[in-house]
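Trainee: For reference, the chains in residue letters:
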Amino acid sequence: MTEETLLSIENLKVHFPLKTRGFSAPKSFVHAVDGIDLKIAKGKTFGIVGESGSGKTTTALAVMRLVPITSGAITLGDQRLDRLEGEELRRARRHMQIIFQDPYSSLNPRVRAGAIVREPMDLMDVGEKSEREDLVAELFRQVGLRPEQQALFPHQFSGGQRQRIGVARALASQPDLVVCDEPVSALDVAIQAQIINLLRKLQAELGLTYLFISHDLGVVQYICDDIAVMYLGKIVEMGDRISLFKEPLHPYTWALLSAVPSADPALRDRADRIRLQGDPPSPIDPPPGCGFASRCPFSQALCTMEAPQLRTIRTGHSVACHFVSDDGVPPQRKI
Amino acid sequence: MAEPLLEIKDLRVEFDTRDGVATVIDGLDISLYPGEILGIVGESGCGKSMTALSIMRLVPVPPGRIAKGTIRLDGEDLLQVSEKRMRGVRGNAISMIFQEPMTSLNPVFSVGDQIAETILLHEGGSKRAAWQRAVEMLDAVGIPVPEVRAREYPHQMSGGMRQRVMIAMALACQPRVLIADEPTTALDVTVQAQIFDLLKDLQKKTGAVIVLITHDMGAIAEMAQRVVVMYAGRKVEDGPVDEILTNPKHPYTTGLIGCVPHLSADPSEERVPLTDIPGVVPPMTRLGQGCPFAPRCSEAMDKCRLEMPTQSVVGEDHRVSCWLIENDGP
Chain Z
191 MTEETLLSIE NLKVHFPLKT RGFSAPKSFV HAVDGIDLKI AKGKTFGIVG
241 ESGSGKTTTA LAVMRLVPIT SGAITLGDQR LDRLEGEELR RARRHMQIIF
291 QDPYSSLNPR VRAGAIVREP MDLMDVGEKS EREDLVAELF RQVGLRPEQQ
341 ALFPHQFSGG QRQRIGVARA LASQPDLVVC DEPVSALDVA IQAQIINLLR
391 KLQAELGLTY LFISHDLGVV QYICDDIAVM YLGKIVEMGD RISLFKEPLH
441 PYTWALLSAV PSADPALRDR ADRIRLQGDP PSPIDPPPGC GFASRCPFSQ
491 ALCTMEAPQL RTIRTGHSVA CHFVSDDGVP PQRKI
Chain B
82 MAEPLLEIKD LRVEFDTRDG VATVIDGLDI SLYPGEILGI VGESGCGKSM
132 TALSIMRLVP VPPGRIAKGT IRLDGEDLLQ VSEKRMRGVR GNAISMIFQE
182 PMTSLNPVFS VGDQIAETIL LHEGGSKRAA WQRAVEMLDA VGIPVPEVRA
232 REYPHQMSGG MRQRVMIAMA LACQPRVLIA DEPTTALDVT VQAQIFDLLK
282 DLQKKTGAVI VLITHDMGAI AEMAQRVVVM YAGRKVEDGP VDEILTNPKH
332 PYTTGLIGCV PHLSADPSEE RVPLTDIPGV VPPMTRLGQG CPFAPRCSEA
382 MDKCRLEMPT QSVVGEDHRV SCWLIENDGP
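Listed in order, the protein sequences are those of chains Z and B.
Count along the first sequence starting at 1, add 190, and that's the number in our numbering.
Count along the second sequence starting at 1, add 81, and that's the number in our numbering.
Just so you know, the hints here were simulated from the structure itself, not pulled from any lab data.
Bear in mind that the values here come from a model prediction, so they are computed numbers and not experimental data.
Among the hints, erroneous ones may be present.
[Said to hold, decoys possible] So these bits of chain Z aren't anywhere near chain B, every CB distance computed over 10 Å:
(1) PRO216
(2) ARG255
(3) ARG273
(4) LEU274
(5) ARG281
(6) ARG284
(7) ASP312
(8) MET314
(9) LEU325
(10) GLY397
(11) ALA445
(12) SER452
(13) GLY479
(14) PRO487
(15) GLY506
[As the list claims (entries may be wrong)] Here are the computed lysine to aspartate or glutamate pairs in the EDC-like style, where the Cα-Cα straight-line distance is at most 20 Å:
(16) Z:LYS229 - Z:GLU278
(17) Z:LYS234 - Z:ASP415
(18) Z:LYS232 - Z:ASP415
(19) B:LYS90 - B:GLU117
(20) B:LYS281 - B:GLU263
(21) Z:LYS203 - Z:GLU496
(22) Z:LYS391 - B:ASP347
(23) Z:LYS229 - Z:GLU277
(24) Z:LYS234 - Z:GLU200
(25) Z:LYS217 - Z:ASP475
(26) Z:LYS436 - Z:ASP517
(27) Z:LYS234 - B:GLU351
(28) Z:LYS391 - B:GLU233
(29) B:LYS384 - B:GLU397
(30) Z:LYS391 - B:GLU351
(31) Z:LYS436 - B:GLU351
(32) B:LYS165 - B:GLU228
(33) Z:LYS436 - Z:ASP415
(34) B:LYS208 - B:GLU233
(35) Z:LYS436 - B:GLU204
(36) Z:LYS232 - B:GLU350
(37) Z:LYS234 - B:GLU350
(38) Z:LYS436 - B:ASP220
(39) B:LYS281 - Z:GLU194
(40) Z:LYS436 - Z:ASP406
Ideal Cβ positions, reconstructed from N, Cα and C, are used throughout, including at glycine.
With these hints in hand, go ahead and build the complete structure from the sequences.
Mentor: Encoded structure:
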């Protein structure tokens with residue numbers, strides 16, 4: 191591939207220790223992210239999908255250096271983010287910004303909208319001081335708010351407008367990478383479309399790179415160029431949007447796609463839809479083997495003993511499953 | 082068509098607010114027929130949940146009141162009966178499952194006790210028999226080892242399990258109408274699929290009418306036979322699901338379908354921008370005389386801003402309230 195890589199993650203692990211009872215008890219860890227590798231090309235949108243507890247948000251927070259990293263490397267441009275500390279780390283944050291899920295709790299209720307958007311500029315010395323006022327006004331225009339709305343407080347805006355403020359704030363430091371952590375999940379359906387269209391427009395205008403976290407497969411299919419499917423802290427399948435959705439390889443991806451209620455009768459009446467039983471297992475001290483084995487309709491003895499490695503099946507499409515054949519026949523197609 | 086089991090006619094619900102009276106539901110007609118799943122769809126603040134609360138007569142009074150209309154279950158007007166009689170209806174003939182299964186279960190009683198309580202209250206009998214029925218209900222909603230699980234407390238269960246408990250409780254007295262208000266919003270998609278399958282199965286077995294309230298057109302397509310589209314407390318369009326999805330008449334319905342990126346089995350390289358419904362649902366105190374959707378509608382005409390549209394029939398069992406239809410003829 192000729193594309194320039196903006197962000198690369200190598201063997202990232204984030205484990206959270208659990209409180210132990212008594213000091214002789216063995217320490218338990220939540221394996222929130224358990225060894226993932228991915229690369230995001232400049233100007234593209236990389237999506238991570240998964241259910242709650244899959245580690246998708248922890249991955250996003252690790253990239254933002256908002257959770258302690260257990261091991262692994264995160265490189266943004268030519269800078270090793272995982273090694274930065276103190277002032278250096280603070281300076282590096284200019285290049286990576288985040289849009290949060292909940293536009294109600296992520297804006298300070300006592301600060302006016304204009305000041306919220308301006309703050310990152312002051313902290314990161316973006317542009318000349320005299321220019322900043324114009325920059326803020328320009329950002330407001332770009333995200334579809336009126337300049338006079340700068341004087342309002344967050345509670346005077348609707349949910350969709352607040353999320354626009356969140357987007358403007360994320361863009362204020364002119365970042366290379368914008369992490370979008372479920373940016374539309376808390377919004378009403380009609381408002382979701384407004385924000386998704388806005389994110390696409392800004393990407394086209396400003397050449398932004400997005401790391402897009404979502405549980406909504408429809409949204410991910412629409413907005414992302416490359417997608418990783420996570421389950422229990424690991425990437426089980428990764429591919430470009432066409433290949434991944436046309437020919438899903440991992441049984442879990444297939445189950446996820448089967449589970450989405452669809453307005454498309456062709457998709458709805460497919461005979462080979464599979465239904466999963468039960469809930470995802472706990473990420474506390476996960477057993478060896480494939481994390482999906484306990485819910486997988488195709489699992490065999492091997493699956494519970496040995497964890498499958500991510501391997502490339504065709505260009506830009508890889509999967510971690512023992513029973514996907516090398517020429518790309520997934521287990522759900524073999525029966 | 083058969084006689085409706087539940088019939089809402091000309092319902093009007095008002096709330097007193099600091100800005101004056103808000104009419105949160107106005108002129109709503111909905112009929113439920115035996116053996117069907119009816120979807121109610123719309124954005125938040127469109128009156129979907131308020132419709133459900135009106136059927137259960139749980140609209141908080143004051144500040145709210147049901148100002149006008151009838152809700153007939155088998156000919157009996159639920160808005161006229163005594164509170165005592167209504168207590169006998171709730172959870173018995175009509176029951177409801179809520180969006181958030183964590184907050185709607187009591188944390189200090191075991192789930193078996195909570196289900197048995199419903200049975201004891203409505204049907205009497207011995208505690209032992211009620212407990213036995215509770216265990217059977219847990220079994221029916223697919224909870225493994227129900228006799229053990231019945232002794233557990235809500236916090237010991239996952240979100241999907243808790244929603245199953247809610248369904249077991251709602252179905253314990255064999256209701257004729259089950260209202261499901263966004264039953265899967267708090268759940269993961271694989272668990273959501275399990276709950277939908279369960280609801281469909283139980284509907285077939287018990288013959289209860291299900292009212293599914295949601296904002297997800299996909300869920301409607303998957304579950305319901307008929308759908309009512311609501312906007313700002315009014316019904317804007319209703320009809321058979323397949324008809325509405327393929328041939329929506331109201332600009333709001335078209336917008337609701339087009340604003341969601343629907344998952345496709347065969348995605349194309351090109352991605353057309355999503356339909357944008359600009360703005361938000363207006364506050365209910367500031368609705369003018371015209372069509373409430375007019376300020377957000379791309380096809381609004383002068384007439385739309387001045388006069389409330391009347392309902393026209395555009396197909397078999399397909400009705401829409403929009404001046405555009407009136408102009409073009411049916």
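Trainee: Was PRO487 of chain Z rightly flagged as not at the interface, with every chain B Cβ beyond 10 Å?
Mentor: holds, 12 Å
Trainee: Is it true that the CA of LYS232 of chain Z sits at most 20 Å from the CA of ASP415 of chain Z?
Mentor: holds, 11 Å
Trainee: Just to be careful, I want the Cα atoms of LYS391 of chain Z and GLU233 of chain B compared with a cutoff of 20 Å; is the pair within it?
Mentor: violated, 50 Å
Trainee: Are all beta-carbon distances from ASP312 of chain Z to chain B longer than 10 Å?
Mentor: Since the minimum Cβ distance to chain B is about 31 Å, ASP312 of chain Z lies beyond 10 Å and the statement holds.
Trainee: Straight-line Cα separation of LYS234 of chain Z and GLU200 of chain Z no greater than 20 Å?
Mentor: holds, 19 Å
Trainee: Check whether the Cα positions of LYS391 of chain Z and ASP347 of chain B lie no farther apart than 20 Å.
Mentor: Not satisfied, since the Cα-Cα distance of roughly 24 Å exceeds 20 Å.
Trainee: For the pair supplied as a hint, LYS391 of chain Z and GLU351 of chain B, is the alpha-carbon distance within the 20 Å limit?
Mentor: It holds: about 15 Å lies between the C-alpha atoms, which stays within 20 Å.
Trainee: If I take the minimum Cβ distance from SER452 of chain Z to any residue of chain B, is it greater than 10 Å?
Mentor: At roughly 5 Å from the nearest Cβ of chain B, SER452 of chain Z sits no farther out than 10 Å, so the non-interface label is violated.
Trainee: Would ARG284 of chain Z pass as off the interface with chain B, using Cβ distances and a cut of 10 Å?
Mentor: The claim holds: ARG284 of chain Z sits with its nearest Cβ about 30 Å from chain B, beyond 10 Å.
Trainee: Quick one, are LYS281 of chain B and GLU263 of chain B close enough, alpha carbons at most 20 Å?
Mentor: Distance ~15 Å between LYS281 of chain B and GLU263 of chain B Cα, so the pair holds.
Trainee: Check the hint pairing LYS436 of chain Z with ASP220 of chain B against an upper bound of 20 Å on the C-alpha distance.
Mentor: violated, 38 Å
Trainee: GLY479 of chain Z clear of chain B by more than 10 Å, beta carbon to beta carbon?
Mentor: Holds: least Cβ distance 20 Å, greater than 10 Å.
Violated hints, in rising order: 11, 12, 16, 22, 23, 28, 29, 32, 35, 38, 39; the structure is consistent with all others.
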